[in-house]
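K.L.:
Both chains are sitting in their own frames, so use the hints and assemble them into the complex.
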Amino acid sequence: DGGITQSPKYLFRKEGQNVTLSCEQNLNHDAMYWYRQDPGQGLRLIYYSQIVNDFQKGDIAEGYSVSREKKESFPLTVTSAQKNPTAFYLCASSIDGQETQYFGPGTRLLVL
Amino acid sequence: KQEVTQIPAALSVPEGENLVLNCSFTDSAIYNLQWFRQDPGKGLTSLLLIQSSQREQTSGRLNASLDKSSGRSTLYIAASQPGDSATYLCAVINYGGSQGNLIFGKGTKLSVKP
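First to last, the sequence lines map onto chains B and L.
This note's numbering puts the last residue of the first sequence at 112; the count rises by one with no breaks.
This note's numbering puts the last residue of the second sequence at 114; the count rises by one with no breaks.
Just so you know, the hints here were simulated from the structure itself, not pulled from any lab data.
The beta-carbon is built from N, C-alpha and C at its ideal position, and this holds for glycine as well.
Treat the hints with caution; some may be incorrect.
As the list claims (entries may be wrong) - Pulled a few chain L residues facing chain B out of the computed Cβ check, cut under 8 angstroms:
# : residue
1 : Gln34
2 : Lys42
3 : Leu44
4 : Ser46
5 : Leu102
6 : Phe104
7 : Gly105
8 : Lys106
One chain only, chain L, in its complex shape (with noise of 0.2 angstroms):
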């Protein structure tokens, strides 16, 4: 059965510190793997999308790799602000597994202070 792990839970940094965040399954026969924000009281905003097929994807300041075989992605931030206070989540698609049935991390709250 497939698990993904956030670590850290938490996280706390000054502004302007580059930091990375990650995420590790245990099964690495996936499809694509996912990176979301949630604000507190708030729905899931997708960040970036990696295929199974891809190493990287790049957006602005956010960076997220993805290494299959080991099992692992990270999500890179850089010049962190306090506007990047929020939950990142992690998820993952199976290959074979029910359609559209992303997989989840418990995420890991990070919080950038001013």
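Same shape as in the complex, but just chain B (with noise of 0.2 angstroms):
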């Protein structure tokens, strides 16, 4: 099944901790973003990628670090600078900048 999948569905931070997201597809797409979602707020852009190495940051990237080593995968850091991490974080992925863009489940990040 071609797809894009996030893991874990659930993750806890602690205080000080970095925690990682991932995020893979197999759609064969060049493009790939992460998302951010708060509780009656639209959803903003963290990171973007448009080909393997390379990547820019979006409207919030203030915390978060990304990597862009393989095609399929684009794994999101949330680091300790991040102060409100609590958040429902999305991955997605297009052909290239332009056309549809397909949405993974989803990761729910909470703070113990």
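P.N.:
Here you go:
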């Protein structure tokens, strides 16, 4: 089955800890994205990548980092510098930067 | 700065009713507009994508229209069903903006009652 997978479904972070959210796609898409969704808010772009080994900051990149070493994978690290990390995180991919984006099932991050 | 607004924030209708969801955007220089559906605690499902040169797109009981000059889009759902209950999100990509940067509205939460 082609699609986007995210893991884990739920993730708990302790104070001062870095955590990494996984995003994998087997759609052969060049572009991948990370969004954050807060209750009552629209989605906001954290980082995006148009091609392997290249990525760009979105609107709310502070406190986050990414890598794009493989076409299929775009992991997001929530660092200890992100003071309000509790949110629903969504990964997406598209053939290129202008076409329909396909979303994964999301990871809910909670702070202990 | 592009802003996307969706009205109403929530809508409850009886089963079988035809309904319209509204989306407006402040900058008409968009590349395309997309409508998504989100079920509680789930990711987004793409419903329809309208290129800036198009006026409407249809898929089954869904019809989305785009009026770029007035900064408006509507999503029409015919013969609504309880399974249509979800949050519907509208998003645009700007010309000249960050590649692939979808700018989202806050969504309309739809409840279709049997």
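K.L.:
Return the numbers of the hints above that this structure violates; sort them in rising order.
P.N.:
none
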